[in-house]
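S.K.: Read off the chains here:
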Amino acid sequence: MDKYAEQTQQEFEGWEDFFHKPVDEKVKYFKRDGRIFDVIYAQQFDRPFLDHLCNLAEMIRHLARTKVGQSKLRHLLPHKRAMLYFVQPSTRTFLSFQNACHILGLTVSEIRGTSTSSEVKGESPEDTIRTFASYVNLIISRHPEAGFAEKTAWVLNQTERPVPVLNGGSGPDQHPTQALLDIYTLEREFRTIGGLDGKKIAMVGDLKRGRTVRSLSYLMKNYKNVELVYVAPQVFKMKDDIKEFLNKHNIPFKETEDFESIMPEVDAIYMTRIQNEYAADPTSEAETFPGFHLKTKHMSMIQTHCAILHPLPRRYEIDVRIDKDPRAAYWRQERCGMWIRAALIAYIFRVDGGITEEFN
Amino acid sequence: MDKYAEQTQQEFEGWEDFFHKPVDEKVKYFKRDGRIFDVIYAQQFDRPFLDHLCNLAEMIRHLARTKVGQSKLRHLLPHKRAMLYFVQPSTRTFLSFQNACHILGLTVSEIRGTSTSSEVKGESPEDTIRTFASYVNLIISRHPEAGFAEKTAWVLNQTERPVPVLNGGSGPDQHPTQALLDIYTLEREFRTIGGLDGKKIAMVGDLKRGRTVRSLSYLMKNYKNVELVYVAPQVFKMKDDIKEFLNKHNIPFKETEDFESIMPEVDAIYMTRIQNEYAADPTSEAETFPGFHLKTKHMSMIQTHCAILHPLPRRYEIDVRIDKDPRAAYWRQERCGMWIRAALIAYIFRVDGGITEEFN
Amino acid sequence: MDKYAEQTQQEFEGWEDFFHKPVDEKVKYFKRDGRIFDVIYAQQFDRPFLDHLCNLAEMIRHLARTKVGQSKLRHLLPHKRAMLYFVQPSTRTFLSFQNACHILGLTVSEIRGTSTSSEVKGESPEDTIRTFASYVNLIISRHPEAGFAEKTAWVLNQTERPVPVLNGGSGPDQHPTQALLDIYTLEREFRTIGGLDGKKIAMVGDLKRGRTVRSLSYLMKNYKNVELVYVAPQVFKMKDDIKEFLNKHNIPFKETEDFESIMPEVDAIYMTRIQNEYAADPTSEAETFPGFHLKTKHMSMIQTHCAILHPLPRRYEIDVRIDKDPRAAYWRQERCGMWIRAALIAYIFRVDGGITEEFN
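Chains as they are written, first to last, in numbering that gives the first Met the number 0: chain A, 0 to 359; chain B, 0 to 359; chain C, 0 to 359.
Among the hints, a few may not be true.
Put simply, identical chains are the same to the list, so a pair is met inside one copy or across any two.
[To be verified] Below, simulated PhoX-like cross-link-like pairs (lysine-lysine); rule was C-alpha separation at most 25 Å, straight line:
(1) LYS323 - LYS27
(2) LYS253 - LYS242
(3) LYS294 - LYS253
Derived from the structure by calculation, the hints contain no laboratory data.
For reference, chain A alone in the conformation it holds in the complex (with noise of 0.2 Å):
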C-alpha cells in the first residue's frame, strides 16, 4: 500500500518543482484536449484564443439583446453549478462573474471571506477548495495569496473529480480575466479603426504593483505593432521583468513622469489607482500624485478616438466630469468584463460553438 503514500509524498514534493518552472512550460499543464481547461495566468492566452473570445463576447452581447436571445443562454448551462469564492473584497470581478454565470444559466454558490466557512476549524486551503468541487462543476477564486489559484487547480487536476479552476485574482500578480476585459475592450473602441493592433497605449499611475497593467504589457506580445508608454512617477515606475519582456518581444515602449506631454500622441489611455489601500491611511492625500490624474482640461490634449480605460474603483485618478465624454471606456469596460467572462465560461464548457452557429 505504500506506493500510495510514495506516490501521494512525490506529488506533494511535485509542488514545489512545479511552481519554481517557467510559466511557458506550466501551461500545457491547465489544458485538455488543446484547450484551455484552467485559467491561471495571462500567459495562457495566445492571439486565436484572444480573437475566438472576443468574437464570443460580442455575440454573447448581441443574443442578450432579446428576450429569445437571452433564453438560449440561459438554457446552454443550466445544468452546471458554480462556486464564487472570494477571500479578498471584490465588487467588479465578483459581480461580473456571478451575473455572467446567470447569464448562462448556471447556479452559483458564494463564501465571500473566511468567517463564515470551515477554515476556522483548521482545514487547509487545498481541502477546502477539494470540498468546493464535491458539490460544483466550477470554482472560480479571488485569494491574496500569490499561486493560491495554480495551486488549487494543480491539486485539484490530481483528484478523482477535477473541476475547472477560473482565477479571479490570486496575489499581487495574476488576474487573468481582467486582461482579458481589458483587451475586449481596447479591440471594442478600436473596432473602426482596426482594432488594437498598431496603437499606441499609455499606461499611466502605479504601474509597479499594478498587476492589471503588468498582465496587459505581456498579452501585448499577441498584437503587431503596438507602441507603448509608461507614465508613472519615479517610485512607482513598471519593474525590470516586464521591460526585458518587452524587448525580448521586439515590443517598443518608452518611460516618462511628464503625462501631458505624450497625451496628444496616443491611441489610449489606461489609468490606473494608486495602490494605496494597503498603507496606514488609504485616504492620505500625500499620496495622490496629481500629476499622474486626468483633468477635463486634458480632453482637448488627446485625439478625438483616444479611449481612456480605468479598471476601476477609481478615486481622484480621473475627474468624474470626464465620464459623460464618449471617450470615456471605463463604464463600458466594466460591462465588457461581464460578457467576457460569460464568454469564458462558454468556452471552458464548450458550449461556445452553441453559441456561434446561431450566427451562421
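Once you've looked at the hints, dock chains B and C against the given chain A.
M.R.: Relative to chain A, chains B and C alone:
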C-alpha cells in the same frame, strides 16, 4: 471638449438644487412614459396606482397557489437580473424583495454590508451604484443615509445605462415599499367591509421616529373619510410636519396618551416598536413604555373586526399570546410585503399586463 | 377573547413539557400523513426510510449524469423556495444543502450569521424563524443552541403557515442529515459485499463530543449484526448514554485505546476530529493525540475492502497521502452529503415518486 466638463459640472451642482425641491416637483423626474420608473418616495403613489398594485398582488398570490400559475410567474422575467444592495441590517425587506424576485424568475446578486465590496478602496457611492448598473437590470437598495436612493436614481438617470432603483429604506425618513405593504394589508383585512375608505386607524408607539407611520399617514390622503388616532408618549409624539399635511388635506386626526380609551372605537391598530436599537443599551427596559403595549386583556376591548398591524420585528409591544387571535394581522402583513413587492417589480418591468390578462 | 390567551399560554407552557418528553414520543409530532415532515433527530429514521432515501439518492445521482436527467430533476421543485439559516460556521452542510436545492430547482435565500438580520433589533428566535416561513417553503437551519430546530419546528407547526424544518445541526447533540450521509456512504462502499448489515465499524477520536459518531451509533439499531469498536483516548471516551442504548438493543461493542490492534479486524474506520476548535488555542498541538491518527503505514494493516470515513474538515487525523488510496472514502462521503440531502428534500416535498418512476 470643455462643454462636457461644464455640462457635468452643472449636473453635479444640479444635485443640490434638485435635492431641495419640493417632492411634488421631483416625482416626475422618476417617471417614464407616464409610469413610475424609480420608486423613491411614498409621495409617488396615487390612488389608481395603489389600487392597481393591490389588485396585481392579489392576482400574483392567486397564481402562486398552483404549480402552473407559479410557472407562468417564473417565466415573466427570467431574462432580468436584480441587485440587492443592503448596507443596513434587514431581514424582512431583504428576504421579501429577494423572494419576490425569485417568484418572477429574476436572478439576484446581493451585497450586504460594505465589508466585501470595493468601497473599502475609497470608491464613491455613486460609482458603486453605477457599477451595479453595469451588471444588472434592477437595483434595490437600503442605506442609512437620507436621500441615498434618490441621489443614485438621479445619477443613473443621466448615464448611458439607467436602471430602475427601488428604495428599500434610506435614512430615517423614506421606506416607500413598507407603506405599500401596509396599504395592501389594510385593504385586504377590510376587503369584506369596503376596504380602507372610511376607516379609523390608531397608530401607536414611537410616532416621532417611526418612518412607517409617517409614510402611511402621507398615503391617507388617497383614501376617503379616513380618521387617524395618534397614540404616543409625550417624547414620541408625531411631528408637526405630518400634522400640517393632514390639516392641509382635511384628514381628521386626534392625539392621546390613553391607549385603552380609544381601543373600542378604531378599525385598525398599527403598533410600532420603540426605536431604541440605537440607544446605548438596546434592551434597556427603562424605555419600554408599557402603557403603549397591546396585551391579551385588550383583546376583549377592541372591535371584532379590528385589524392589528405591526411592521415587525416586535419586541414586547405585542404579547405573543395574541398571535393566534384572528385579528392579529401582522404575520399576514409580513407576507403581504412579498406579494406587493412582486407586484411592484412586475409593474416596473411592464409585465403587469401579462398577469392581469390571465384573469380576463 | 381570553381563550386565545390561555390557549397560547398553554402552548408555551407546553414547550417545556414537550421538550422533556422522550424522543420516541416526540417523533410523531414531526410527521404528516405517516411521513416525516420536519427532520429534527436521527431517531426519526427507521430502516425502510433509510433504504428508501439511499435508493433515492442513487437515482438522483444517476439522473444527474445526463443533461436530460438533470433537466428532469431541475423541474421537480422550481416552484419552491428554501431558506438557509446558518448561524454557525459551516462549509459542507451549507454548500451541500444549497446545491441539493439547486439540483432540484429550488431557489435559495441565505442568512449566515446574525449580523445582517433583524435579531440585532431584539427579535426572538421564534419570530425570526416565523418570518422566514412567511417567504419560503422550506427552512434549513444550523444553530449553536441545543433544541433550536426542534423548538422552531414545534412553533411553526402551530401557526397558519407551517413549513418543514430541516435540522442542519443544532447544539452539541443532533446533526441528523450527517448521520444520513454516513449511512448512505457506508451502504455504498459496501454495496458489492452486502451493504452495512453484518459489518464491524471502528469509530476513532473524540467520541465524547463528536455528534456524528453519536448519531451514527443510534442508527446502528436499524442494521443487522453490526459490531462497533470505540477507539478513543480516556478523556474522550464515548458517553454512557450511548453504551446503554447499544446494550438495550443488543448491539455488541468494545472499547480500546490501542488503535493499531483493531485495524486488521474492522470493515470501516470512521475517523473524527479532536473537537478543540472551541479551546483557547485551536491549533494547540498538545491536543492532537497522535495515537489516534491514521498514517500511511497503517494502510498495509487494514483490510483491502476497509472503508475510511471522516466527516471533515480534517486536520492531522488522516495523512493527506492516504487520500489517493481507493479505500479513502471521505471525499466520496462528502459528495454523498449532497445527493442524500437532495433525496431528503425530494421526499419532504413528495416528489420522490416522480424520481423512482423514471426507473420503472
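S.K.: To test your reading of the hints: which numbers does this structure violate?
M.R.: Checked against the structure, no hint fails, so every one of them is satisfied.
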